[in-house]
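Going line by line, the protein sequences match chains A and B. Position one of the first sequence corresponds to residue 1 (full-length UniProt numbering), numbered consecutively onward. Position one of the second sequence corresponds to residue 1 (full-length UniProt numbering), numbered consecutively onward.
No wet-lab data here; the hints were simulated from the structure. Beta carbons: idealized from backbone N, C-alpha and C, even for Gly. One or more hints might be untrue.
[What the hints assert, rightly or not] Chain B is faced by these chain A residues, among others (derived, beta-carbon under 10 Å):
| no. | residue |
| --- | --- |
| 1 | SER170 |
| 2 | GLY175 |
| 3 | VAL225 |
[Stated by the list, open to error] Residues from chain A that keep clear of chain B, each with C-beta distances beyond 10 Å, as calculated:
| no. | residue |
| --- | --- |
| 4 | LYS20 |
| 5 | GLU160 |
| 6 | GLY275 |
| 7 | VAL281 |
[Stated by the list, open to error] Pair by pair, the computed Cβ-Cβ distance ranges are:
| no. | chain 1 | residue 1 | chain 2 | residue 2 | range |
| --- | --- | --- | --- | --- | --- |
| 8 | B | HIS75 | A | LYS94 | 14 to 20 Å |
| 9 | A | LEU93 | B | ARG125 | 54 to 60 Å |
| 10 | A | PHE129 | B | GLY39 | 52 to 58 Å |
| 11 | A | ALA105 | B | LEU13 | 30 to 36 Å |
| 12 | A | ALA105 | B | ALA190 | 18 to 24 Å |
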Amino acid sequence: MSPADFVADLFNPDLAFLGKALLIAVMSATVCGVVGCYVVLRGMAFIGDAVAHAVFPGLAVAFVVSGNLVLGGTVAGVLTAVLVAVFAQQRRLKEDSVIGVFFVAAFALGIVVISRAPGYAGSLQQFLFGSITGIPDEDVYVVGGTGLVILLAILLLHKEFVAVSLDRESARAMGLAVFRLDLVLYVLVTLAVVISVRTIGNVLVLALLVTPAATARLLTDRLAVMMVLAPAIGGLGALVGLYVSWSWDLPVGGTIVLVLTAAFLAAWLAAPRHGLLARYVF
Amino acid sequence: MSVLSVADLHVDLGGRPVLRDVRMSVEVGQLVGLLGPNGAGKTTLLRCVLGLVRAKVGTISVGGTATVGYVPQRHEFTWDFPISVEQAVLSGRTGRIGLLRRPGVADWRAVGEALERVRLADLRRRPVGELSGGQRQRVLVARALALRPEVLLLDEPYAGLDMPTQELLGDLFATLARERAVLMATHDLAAAVHDCDRLILLNRTVIADGPPGELRDRRVWMETFEVGERSHLFTALGLSAESAAAGEPETVGA
Chain A
1 MSPADFVADL FNPDLAFLGK ALLIAVMSAT VCGVVGCYVV LRGMAFIGDA VAHAVFPGLA
61 VAFVVSGNLV LGGTVAGVLT AVLVAVFAQQ RRLKEDSVIG VFFVAAFALG IVVISRAPGY
121 AGSLQQFLFG SITGIPDEDV YVVGGTGLVI LLAILLLHKE FVAVSLDRES ARAMGLAVFR
181 LDLVLYVLVT LAVVISVRTI GNVLVLALLV TPAATARLLT DRLAVMMVLA PAIGGLGALV
241 GLYVSWSWDL PVGGTIVLVL TAAFLAAWLA APRHGLLARY VF
Chain B
1 MSVLSVADLH VDLGGRPVLR DVRMSVEVGQ LVGLLGPNGA GKTTLLRCVL GLVRAKVGTI
61 SVGGTATVGY VPQRHEFTWD FPISVEQAVL SGRTGRIGLL RRPGVADWRA VGEALERVRL
121 ADLRRRPVGE LSGGQRQRVL VARALALRPE VLLLDEPYAG LDMPTQELLG DLFATLARER
181 AVLMATHDLA AAVHDCDRLI LLNRTVIADG PPGELRDRRV WMETFEVGER SHLFTALGLS
241 AESAAAGEPE TVGA
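Can you build the whole structure from these sequences, using the hints too?
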């Protein structure tokens, strides 16, 4: 299918869901790209994965009671993040073990909860692997609005997030509320995950957080550039991924992730100065 | 006049006493070395002054409206962060700038001055990940100086650096101490004796306090560092058995 056919389909009234799916995929990938910069730079990928899985029981409960998915997912994600933060104070266990315990538990709870819903197999697959059909109109506004809130929070707290990421001890000495800033960051990661889950799926959402930011990091040594590149890569990856998935009838979440992975590998090979080609060929 | 004074300080960490009855003060114009073995409480004392650890008993007073600048150990900082030297230094003013505000002219001026002081102005746009160990140490010093502190706390600034780099840093700290009080925790005894105006020997409590030239009694060093008489520590300090024997006959052969 040529890109022109794809555009024609986007404006075909019978395929209205396609435009909505594209809008949501691109918006959520863009927001995840920005948030993902902190996730990658602070080595929070495992926490990101945990939060991504932890939103599942919240989504499941919201789905079963026909409640608000964003709200349900956020509550569950934040609750898990707080539990991890509290249990990590226990010095015998390292944080990654605590995360390992709680995120799988949350995920297991989600599976048990959603098994109570009618038509469970289909909805489970939708949650885990994403889907572009059946998205209600208001979701576009919820995703757009939540995305704007996330970006605004980052704009306002960026210098504090950077100071804490650079050196927690000195940040504390400066009087910054390090624990609360961490919590805000977890909430932002959770929100970014929640708005992305719909199209890309729960299992694959981590890729939106990590892959575009990691790709951008390979391409630049400047934080400001990285925070523009990562959302650009994420948004473009979502667009191309959806196009490929629509043309060849492939699952959308998996295709978007593979497109992003291809971009990552390309950056790893061809990045200026630090890429494989720059180091060994030129 | 002392700008930092600590009185009757007792600190417990996890129920274990770490510092007891610590008394000390540092004046503007002094470079003071804080020496002691691992676990002596040097870092805890610094963290206490910063307000990061709560004292069980005792008072720490920082004169008037004086600001405390903190230079942590080098490994505390995330050097692979994609940030330039000047942005790293600016991050030292994050708390001062305040929430929801952007750095202004005064902030950038303070950053410029701090970079000049540590002679990193030429490298201001370089990513911190590309710096050498000595340059990294100077970035951390500049970050603390960006607050224009009256008290500067240095935690192990010489660790892992070669001699020429240590010498440059020692000169820098001596210069900085002319206008402020500098308290430096270090394991590098030779450098401390050479660079500092005063040494505080700490092991849970202050064992001795005075100019390096006056701390010639081998017993206080033995007590502080829990070493025997034949320790090579005395070679490093230039306190050979003979020179001590003249002043302290009763310790010889004990």
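A quick look at each hint next to the structure:
At about 6 Å, the closest approach between the beta carbon of A/SER170 and any beta carbon in chain B falls short of 10 Å, and the interface hint on this residue holds. A hinted interface residue such as A/GLY175 counts as satisfied when its beta carbon comes closer than 10 Å to some beta carbon of chain B; here the least separation is about 4 Å, so the hint holds. With its C-beta approaching chain B no nearer than about 8 Å, A/VAL225 sits inside the 10 Å limit, and its interface hint holds. Residue placement check: A/LYS20 keeps its beta carbon more than 10 Å from all beta carbons of chain B (closest about 34 Å).
Look at A/GLU160: its CB is around 6 Å from the nearest CB on chain B, not clear of 10 Å, so calling it non-interface is violated. For A/GLY275, the non-interface assignment is confirmed: its Cβ lies about 16 Å from the closest Cβ of chain B, beyond the 10 Å cut-off. Taking the minimum C-beta to C-beta distance to chain B, about 22 Å, the non-interface status of A/VAL281 holds against the 10 Å cut. Checked against the hint of 14 to 20 Å, the pair B/HIS75 and A/LYS94 passes, with Cβ atoms roughly 18 Å apart.
Between A/LEU93 and B/ARG125 the beta carbons are some 42 Å apart, a value that contradicts the proposed interval 54 to 60 Å. With their beta carbons about 53 Å apart, A/PHE129 and B/GLY39 fall inside the hinted range of 52 to 58 Å. As the Cβ distance of A/ALA105 to B/LEU13 is approximately 32 Å, the hint placing it in 30 to 36 Å holds. Range check, A/ALA105 to B/ALA190: about 55 Å between beta-carbon atoms, so the 18 to 24 Å window is missed.
Of the numbered hints listed earlier, those contradicted by the structure are 5, 9 and 12.
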